[in-house]
Amino acid sequence: MSIAASLKHAARWGGLTLLLSLPLSGWMLNGYQVTTTWHRPLWLAGGVFVGTLLAMALARLLEMPPLRKLRWRMQTKITVTRRPALPAWEWGVLLTIAATLPLWLSTYWLNVMILALIYAVLGLGLNIVVGLAGLLDLGYVAFYAVGAYGYALGSQYLGLGFWTALPFCALLAATFGTVLGFPVLRMRGDYLAIVTLGFGEIIRLLLNNGTEITGGPNGLPAPAPTLFGLELTRVAGQGGTPWHTFFNVTYNPNLRAVVIYMVLLAFLALLFFCVGRLQRMPIGRAWEALREDEIACRSLGINHVTVKLSAFAMGAAIGGIGGVFFAAAQGFVNPTSFTFFESALILAVVVLGGLGSSGGVVVAALVINILHELLREFSDYRVLVFGMAMVVMMIWRPRGLLSMRRQFFAVGKNL
Amino acid sequence: MSGRYGLILSVLSFVFGTLAFVAVADGAEAIRIGVAGPLSGSYAAFGEQLWRGAEQAAKDINAAGGIHGRTIELIKADDACEPKQAVNVAHRLVDAEHVKAVIGHFCSSSTIPASVVYTEAGILGITPASTNPKVTERNLPTFFRTCGRDDQQGGAGAEFIVNHLKAKRVAVVHDKDTYGQGLADAMKARLHGLGVREVLYEGLTRGEKDFNALVTKIKSQLADVVYFGGLHAEAGVLVRQMREQGLQAPLISGDGIVSQEFVASAGGPRFVEGVFMTFGRDARKIYGGRHVVEAFRKVGYEPEGYTLYSYATLQAIAAAMRATRSEQGDVLAKWLHANTVETVMGPKAWDAKGDLKVTDYVMYRWTPDGKYQEVE
Amino acid sequence: MNGYIVGQQVINGLVLGAIYGLIAVGYTMVYGIMGMINFAHGDIYMISAYLAAIFLALLTGAGVQSVPVALVLVLALTILFTAFYGWTVERVAYRPLRNSNRLAPLISAIGVSLILQNYVRISQGARNQGIPALIEGHVRVNAADGVTIGQVTYTQILIVSAALLSMGALAWIMRHTTLGRSCRATQQDRVMAELLGINTDHIIATVFIMGAAMAAVAGLLVTLNYGSFDFFIGFVVGIKAFTAAVLGGIGSLPGAMLGGVILGLCESLFSGFVNTDYKDVFAFAVLILVLVVRPSGLLGHPEVEKV
Numbered sequence: 001m002s003i004a005a006s007l008k009h010a011a012r013w014g015g016l017t018l019l020l021s022l023p024l025s026g027w028m029l030n031g032y033q034v035t036t037t038w039h040r041p042l043w044l045a046g047g048v049f050v051g052t053l054l055a056m057a058l059a060r061l062l063e064m065p066p067l068r069k070l071r072w073r074m075q076t077k078i079t080v081t082r083r084p085a086l087p088a089w090e091w092g093v094l095l096t097i098a099a100t101l102p103l104w105l106s107t108y109w110l111n112v113m114i115l116a117l118i119y120a121v122l123g124l125g126l127n128i129v130v131g132l133a134g135l136l137d138l139g140y141v142a143f144y145a146v147g148a149y150g151y152a153l154g155s156q157y158l159g160l161g162f163w164t165a166l167p168f169c170a171l172l173a174a175t176f177g178t179v180l181g182f183p184v185l186r187m188r189g190d191y192l193a194i195v196t197l198g199f200g201e202i203i204r205l206l207l208n209n210g211t212e213i214t215g216g217p218n219g220l221p222a223p224a225p226t227l228f229g230l231e232l233t234r235v236a237g238q239g240g241t242p243w244h245t246f247f248n249v250t251y252n253p254n255l256r257a258v259v260i261y262m263v264l265l266a267f268l269a270l271l272f273f274c275v276g277r278l279q280r281m282p283i284g285r286a287w288e289a290l291r292e293d294e295i296a297c298r299s300l301g302i303n304h305v306t307v308k309l310s311a312f313a314m315g316a317a318i319g320g321i322g323g324v325f326f327a328a329a330q331g332f333v334n335p336t337s338f339t340f341f342e343s344a345l346i347l348a349v350v351v352l353g354g355l356g357s358s359g360g361v362v363v364a365a366l367v368i369n370i371l372h373e374l375l376r377e378f379s380d381y382r383v384l385v386f387g388m389a390m391v392v393m394m395i396w397r398p399r400g401l402l403s404m405r406r407q408f409f410a411v412g413k414n415l
Numbered sequence: 001m002s003g004r005y006g007l008i009l010s011v012l013s014f015v016f017g018t019l020a021f022v023a024v025a026d027g028a029e030a031i032r033i034g035v036a037g038p039l040s041g042s043y044a045a046f047g048e049q050l051w052r053g054a055e056q057a058a059k060d061i062n063a064a065g066g067i068h069g070r071t072i073e074l075i076k077a078d079d080a081c082e083p084k085q086a087v088n089v090a091h092r093l094v095d096a097e098h099v100k101a102v103i104g105h106f107c108s109s110s111t112i113p114a115s116v117v118y119t120e121a122g123i124l125g126i127t128p129a130s131t132n133p134k135v136t137e138r139n140l141p142t143f144f145r146t147c148g149r150d151d152q153q154g155g156a157g158a159e160f161i162v163n164h165l166k167a168k169r170v171a172v173v174h175d176k177d178t179y180g181q182g183l184a185d186a187m188k189a190r191l192h193g194l195g196v197r198e199v200l201y202e203g204l205t206r207g208e209k210d211f212n213a214l215v216t217k218i219k220s221q222l223a224d225v226v227y228f229g230g231l232h233a234e235a236g237v238l239v240r241q242m243r244e245q246g247l248q249a250p251l252i253s254g255d256g257i258v259s260q261e262f263v264a265s266a267g268g269p270r271f272v273e274g275v276f277m278t279f280g281r282d283a284r285k286i287y288g289g290r291h292v293v294e295a296f297r298k299v300g301y302e303p304e305g306y307t308l309y310s311y312a313t314l315q316a317i318a319a320a321m322r323a324t325r326s327e328q329g330d331v332l333a334k335w336l337h338a339n340t341v342e343t344v345m346g347p348k349a350w351d352a353k354g355d356l357k358v359t360d361y362v363m364y365r366w367t368p369d370g371k372y373q374e375v376e
Numbered sequence: 001m002n003g004y005i006v007g008q009q010v011i012n013g014l015v016l017g018a019i020y021g022l023i024a025v026g027y028t029m030v031y032g033i034m035g036m037i038n039f040a041h042g043d044i045y046m047i048s049a050y051l052a053a054i055f056l057a058l059l060t061g062a063g064v065q066s067v068p069v070a071l072v073l074v075l076a077l078t079i080l081f082t083a084f085y086g087w088t089v090e091r092v093a094y095r096p097l098r099n100s101n102r103l104a105p106l107i108s109a110i111g112v113s114l115i116l117q118n119y120v121r122i123s124q125g126a127r128n129q130g131i132p133a134l135i136e137g138h139v140r141v142n143a144a145d146g147v148t149i150g151q152v153t154y155t156q157i158l159i160v161s162a163a164l165l166s167m168g169a170l171a172w173i174m175r176h177t178t179l180g181r182s183c184r185a186t187q188q189d190r191v192m193a194e195l196l197g198i199n200t201d202h203i204i205a206t207v208f209i210m211g212a213a214m215a216a217v218a219g220l221l222v223t224l225n226y227g228s229f230d231f232f233i234g235f236v237v238g239i240k241a242f243t244a245a246v247l248g249g250i251g252s253l254p255g256a257m258l259g260g261v262i263l264g265l266c267e268s269l270f271s272g273f274v275n276t277d278y279k280d281v282f283a284f285a286v287l288i289l290v291l292v293v294r295p296s297g298l299l300g301h302p303e304v305e306k307v
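Protein chains in written order, with the working numbering: chain A, 1 to 415; chain B, 1 to 376; chain C, 1 to 307.
Mixed in with the good hints there might be a few duds.
Stated by the list, open to error - One-sided and incomplete, this derived list gives chain B residues near chain A with beta-carbon spacing under 7 Å:
1. Arg92
2. Asp95
3. Ala96
4. Pro113
5. Lys176
Stated by the list, open to error - Pair by pair, the computed Cβ-Cβ distance ranges are:
6. B/Ala295 x A/Thr96: 55 to 63 Å
7. A/Trp104 x B/Gly207: 36 to 44 Å
8. B/Asp330 x A/Gly210: 35 to 43 Å
9. C/Val92 x B/Glu342: 51 to 59 Å
Hints are computed from structural coordinates only; laboratory data are not their basis.
Beta carbons: idealized from backbone N, C-alpha and C, even for Gly.
Can you build the whole structure from these sequences, using the hints too?
Structure (structure tokens):
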């Protein structure tokens, strides 16, 4: 595009912005009157004009020969390869770096990392349902809530500890997933989406309204995890001995976060490995096949109900475990953490990461959470910028950050 | 190395790089004090009250020479009234911003988890606005509040209903939130103590605008008083729909509607006429606060609701720091427990739990011109 | 008294249902033509409420005294600008994603929703805003024996009639005009429609404009009815309206209205006779039950799968 054409193009968008923002920014409501603030639409239009020019210049730059190759490489596409995404030693290095983070991160950033890892776990769980099995679930937060509340309620009424809560809540959430799954799996595509959304809302409302049991809007306390029977709090609350008393060291309030982080990291690594394996097992192949063509699958004798249910239950179980970690890390649970927006955020992690790509989901969870925290500096504009980033990311990389990889089987030559 | 590796590694290096950068960044000479509240989300108007109050107080204290020559620097922290974010910003204030004291948060549901973080870190925290009893009922040695408690406030409401309005059929409505439901429950408990039972106790959903079905139900129960535990956005719509359906029973609420926005959300001053609410004695009328109020009005800001509470909170923190020459939470807390602070809202002193020794909930009545006035 | 309560609750439900229906139309049209959930639609409705209040304030400031004249002008201006917003959203956030995977537009829509909410919050403030009560008064509805069974305000009558009227107009456009035929063709098979010479980009843009226009009608009338709004109102109403659209069978215009009315009645009757706390639980439970029995909604066409 010539410079004149570019200017014209940018001017057009600037003009549109001026017109569009004129009423909403040009006047400010003040009671039943308005105050005139015409400088604001002008600034906005100017910003869009300059922004469009810059974006076009950048696009032009990316067309240049050396960069074009790079751009081609960066494009997300499903790759079929024999090599694993990262060789074993690289995994080792990554895990070691991740495991040493608590040594030099402040509690604040450690907590951010814990949240990011929880989102990674949730993302991996939802990825099974949405990415692999192709079932759009907008109420994934329900299973997350079941896990979190399962732990909080379990510790309060049944004396459940963190370690027993992990399998217990996974099972509980899986049961919820199966119960929901049976009726809804007849539905297709977006009907499923709205039913799961409704289910998520129902769970949240029940938690909020059942004040006698769940504490209603006040929520419930959730105990910190124990480590080999030793408690990580300043004062023993669960009938055990605090860690620092046992080893006779001074109390370190970070310990709780460090332990949760390490356990979470280990679990995430295990989950990552398992999901990779699942994908290559018959059940994983069946999920993907069913996503691509349900009729063909059924005619080939795949039981679509069990296959879908297994994906749903598996995703739910992982969501439940994520909930247990969340409750343990926060120290308490309350219904506002389980709104529809949370479901949308987890879905954003999955889609931004790249549907079906486990590595991408983990990276996206890290990027979203850290970005969200870094943007705190901009306080007023934080959510605005976050929304823009979502739109821009989708336009720039509609298939997500990392593409899905599929390893092929090498069939023996003498077969 | 393929493009794929490059992308993974560049993303990871971005992640770790920023972490490293943030982990190292530090340094401060001024006394840093955090102001945490909902600066975004649907409660943002209250967050603005907290911020404006603290901002003006900091300006005035700094202009008067600061604290032993050191200025106060305020750090904004947005929790959007969401507990998860509240814990996050609490950690940020403590670890990344190294604040010495915190003013906040606004919503009780945020204050409760966040106060644990401050206490663990040994930092003084004072909330100007969270009225839920649980805030100070958990033995947190360094956490205080400069407002009343919902059990006091609900009690004041119940006594007004029974003794003043002589109501027999009371409908209790709340917004299913920590603050609103807590207030309604406290009111209900006192009401039972006074020998009156409610005819209806239900929760509406925050963010909705249509309470017509609920209003019809209240009407069918022949309620002669409606008590609402919640915030102005819902209270305004509720009272308007009550009036539109011809239900003239007075509405009584708490400090969640102390904002001109209540008039806006009711759709005009004539709908709010006759609405009662409990709130602390109007800080704008207290003598010592007059010049502060003038300063706010000069910049076109009406210091309503919790603005002056926030101002007073910073005054209390500054007074403690000045007197003790310390920034340690336990030292400051000890001083605040023992002394009385002269604030813009009059003298304030705290009991062992961190509650105010004297809380003066009085009843206000909204007038036809969209203002509120103390009921004699 | 009892007859009064039932009658009044039915009226409450019908009015609420009409509001849901008006907004649900936007969801159902976009879904029908593009197969995507336009999560930003609720926020388009929110924008229209702000626009209506601003235009009303401007006209009052300019000295327009007559209420009907002011309302008609405000309605026209609000529809114009809201439609403009609808078009822009489609152009900027959805058109570039036309041929990518099914979920990309969904995430983009969530992003747009955040942008619109925060744009309004920053430019208009987080405060509750309101518009004055312009239309006063109500009529009593009497049963045959002269007993009052409820009352309806004029604004509520306006809402229901506007909902019916615009729904009728929309149905007529879809059935009898070239534009409507092109819409339906695009809905059935986009590629084929394109091959037949229909500019599907235009059609999709038009659908967004029409959906936004309906949201604008809702925005003005609902704001008149409730008197107040803030930058967050789009969310709750959006989810309910979307539920209504699915309940009625997404893609079907009469379905959106029917779904809205059923949802509104469910809410108000359950709230009135059982419990307000659980009305949304009940509404969503009804949705799930209906979809279990009729997986394509009440008036939706069951999709025939072909191999």
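Quick rundown of the hints versus the structure:
1. Arg92: holds (5 Å)
2. Asp95: holds (4 Å)
3. Ala96: holds (5 Å)
4. Pro113: holds (6 Å)
5. Lys176: With Cβ-Cβ at 6 Å, under 7 Å, it holds.
6. B/Ala295 x A/Thr96: 55 to 63 Å: holds (57 Å)
7. A/Trp104 x B/Gly207: 36 to 44 Å: holds (42 Å)
8. B/Asp330 x A/Gly210: 35 to 43 Å: Holds, at about 39 Å.
9. C/Val92 x B/Glu342: 51 to 59 Å: This hint holds: roughly 56 Å between Cβ atoms.
When the structure is compared with the earlier hints, no violation turns up for any of them.
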